[in-house]
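K.L.:
Starting from the given sequences, assemble the full structure and let the hints guide the process.
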Amino acid sequence: MISLKDVSKKFKTKQGTIIAVDDVNLDIKQGEIFGIIGYSGAGKSTMIRLLNGLEKPTAGQIIVNGKEITSINEEKLRQVRHKVSMIFQHFNLLWSRTVAENIAFPLEIAGIPKEQRKARVNELIELVGLEGRGNYYPSQLSGGQKQRVGIARALANRPEVLLCDEATSALDPETTDSILDLLVSINEKLGLTIVLITHEMQVIQKICNRVAVMEGGQVVEEGDVLKVFQNPQQPITQKFVSQVSESAQAVQTIQNLVELYPHGKLIKLTFVGDQTEQPILSRLIKQFELEVNIVQGNISHTKSGAFGTLILQLDGDALAIDEAIRFIHEQKVSTEVINND
Amino acid sequence: MINTLFPNVDWPKMWEAALETLYMTAISTVLTAIFGLALGLLLFLTSPHQAWANKLANWLTGAFVNIFRSIPFIILIILLIPLTKFLVGTMRGPDAAFPALVIGAAPFYARMVLIGLREIDKGVLEAARSMGAKTSTIIWKVLLPESMPALVSGITVTCISLVGYTAMAGIIGAGGLGTLAFLDGFQRSREDVTLVATILILVLVFIIQWIGDIITTRIDKR
Chain A
1 MISLKDVSKK
11 FKTKQGTIIA
21 VDDVNLDIKQ
31 GEIFGIIGYS
41 GAGKSTMIRL
51 LNGLEKPTAG
61 QIIVNGKEIT
71 SINEEKLRQV
81 RHKVSMIFQH
91 FNLLWSRTVA
101 ENIAFPLEIA
111 GIPKEQRKAR
121 VNELIELVGL
131 EGRGNYYPSQ
141 LSGGQKQRVG
151 IARALANRPE
161 VLLCDEATSA
171 LDPETTDSIL
181 DLLVSINEKL
191 GLTIVLITHE
201 MQVIQKICNR
211 VAVMEGGQVV
221 EEGDVLKVFQ
231 NPQQPITQKF
241 VSQVSESAQA
251 VQTIQNLVEL
261 YPHGKLIKLT
271 FVGDQTEQPI
281 LSRLIKQFEL
291 EVNIVQGNIS
301 HTKSGAFGTL
311 ILQLDGDALA
321 IDEAIRFIHE
331 QKVSTEVINN
341 D
Chain B
1 MINTLFPNVD
11 WPKMWEAALE
21 TLYMTAISTV
31 LTAIFGLALG
41 LLLFLTSPHQ
51 AWANKLANWL
61 TGAFVNIFRS
71 IPFIILIILL
81 IPLTKFLVGT
91 MRGPDAAFPA
101 LVIGAAPFYA
111 RMVLIGLREI
121 DKGVLEAARS
131 MGAKTSTIIW
141 KVLLPESMPA
151 LVSGITVTCI
161 SLVGYTAMAG
171 IIGAGGLGTL
181 AFLDGFQRSR
191 EDVTLVATIL
201 ILVLVFIIQW
211 IGDIITTRID
221 KR
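Those protein sequences? They're chains A and B, same order as listed.
Heads up: the first sequence begins at 1 in the UniProt record's numbering, then just goes up one per residue.
Heads up: the second sequence begins at 1 in the UniProt record's numbering, then just goes up one per residue.
No lab work stands behind these hints, which were simulated from the structure alone.
Quick caveat, the model's predicted, so the values are computed rather than measured.
Cβ coordinates follow ideal geometry from the N, Cα and C atoms, glycine included.
No false leads were slipped in.
Here are some, though not all, of the chain B residues that point toward chain A, as calculated from beta-carbon distances under 10 Å:
{"hint": "1", "residue": "D121"}
{"hint": "2", "residue": "K122"}
{"hint": "3", "residue": "G123"}
{"hint": "4", "residue": "E126"}
{"hint": "5", "residue": "A128"}
{"hint": "6", "residue": "R129"}
{"hint": "7", "residue": "S130"}
{"hint": "8", "residue": "M131"}
{"hint": "9", "residue": "K134"}
{"hint": "10", "residue": "T137"}
{"hint": "11", "residue": "K141"}
{"hint": "12", "residue": "V142"}
{"hint": "13", "residue": "I219"}
{"hint": "14", "residue": "K221"}
{"hint": "15", "residue": "R222"}
P.N.:
Now the structure itself:
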């Protein structure tokens with residue numbers, strides 16, 4: 001759906017040249033929710049603006065929906081933008097227009113006749129759950145409602161791609177959840193591809209299928225959200241993952257755990273996807289003559305499944321412990337022995 | 001009673017002069033709004049990072065605005081005598097005041113338009129571009145509506161300045177309350193004529209400000 005080949009973007013400033021996006025290659029598939037995460041200054045804002053031509057790359061090729069958008073003229077680019085729409089952190093609604101008029105704006109730009117505009121606007125108001133608010137002005141709405149207007153406006157011309165520029169960063173956690181739910185539901189209902197940038201790992205965890213991690217203008221890590229969560233490679237990714245799974249905290253305390261539980265064996269189980277639903281623990285206790293003690297546990301839910309870690313203390317006969325570990329292995333749960341006594 | 005307080009005031013003449021002032025103010029305000037908006041938009045759109053970003057055009061427009069804004073109005077009228085004679089054909093009567101009024105006030109209003117346009121949230125402009133809006137659509141559907149309260153309060157201030165300018169234009173014979181106050185009142189030492197003309201100008205200014213304020217509050221939905 002979207003592919004970037006060797007894309008770079010440099011800005012010339014008085015202080016010198018800034019490389020905002022540095023030789024990025026990406027492929028975003030039709031219908032997926034693709035997240036780009038990074039701290040501010042990582043280049044993600046520039047990156048998302050490359051996808052609808054608000055910024056032009058200094059080098060490389062960007063293909064959106066089969067069209068190379070780096071070399072086309074303004075007129076054609078405007079046509080592309082009807083199908084690649086965008087929502088913003090600060091909503092960017094026109095205060096001078098009512099909710100309905102804001103949603104109608106892109107339809108006016110696309111030259112849709114008035115009657116059709118009206119019908120479409122009503123559909124969209126219903127889709128985003130703003131029934132009865134059509135005649136309100138943005139200043140009369142809450143942040144979450146404003147973003148709903150933003151989303152309705154972005155969907156007006158039936159786009160194929162929706163770009164989300166920190167769309168939930170100005171919202172409180174509860175409202176963030178409701179907006180994320182809305183994004184997932186339109187992704188499923190309309191089959192539209194969503195590309196979002198954020199600095200919050202919760203957002204990636206909750207709705208993305210795949211994620212790219214950006215640092216210093218480069219994509220340093222990329223892959224399925226579940227895999228990245230399970231096995232983050234780069235330090236920055238580990239930092240982001242720890243925002244939600246607190247595994248860093250766990251690592252810190254392993255030394256303490258070893259001191260706290262000197263007997264038996266400490267093992268760490270890592271669950272992915274369906275395995276989290278298996279009753280491994282109860283089987284372990286039923287089948288083996290062991291003391292099983294839960295030391296620490298945590299399960300995180302991502303869009304493509306859950307993953308989690310569980311640290312157990314197994315105490316008892318050494319042979320039985322080994323057999324128990326083999327049993328867990330057979331359940332295809334990855335196991336790691338933390339200490340031997 | 002009124003005749004004893006203002007013995008020298010010729011009321012039908014005063015009324016006629018008031019209408020002339022009203023006429024000059026109204027027409028010159030409309031023309032100033034048009035030219036001032038055009039100049040202000042040009043200043044904004046040719047500035048860096050905007051749709052028509054162009055250093056030379058921006059500098060030229062800026063220079064034009066600054067030069068005509070700096071010339072004292074009374075001098076501007078005299079400087080513009082040849083242009084006025086060419087455009088209007090005469091130097092006398094209300095119509096002769098228009099070139100000087102508009103050239104004097106439009107650059108002043110253009111600055112206020114520019115300030116209003118700069119106050120528009122840049123994110124809103126980016127959103128309009130992200131929807132595939134043309135520059136003309138952005139002008140008519142984003143820039144002007146989103147800066148409307150500033151544009152209206154700006155034209156109110158400009159309109160009030162124009163009332164003052166028409167009085168000055170009156171001194172060189174444009175007619176209106178200015179001419180009456182100066183020629184019939186001041187020069188013939190009839191203070192009551194000057195006083196009544198001044199009061200009428202004051203009333204006009206208050207009415208303009210009142211209308212401007214009402215419109216500004218009504219259209220501001222922020």
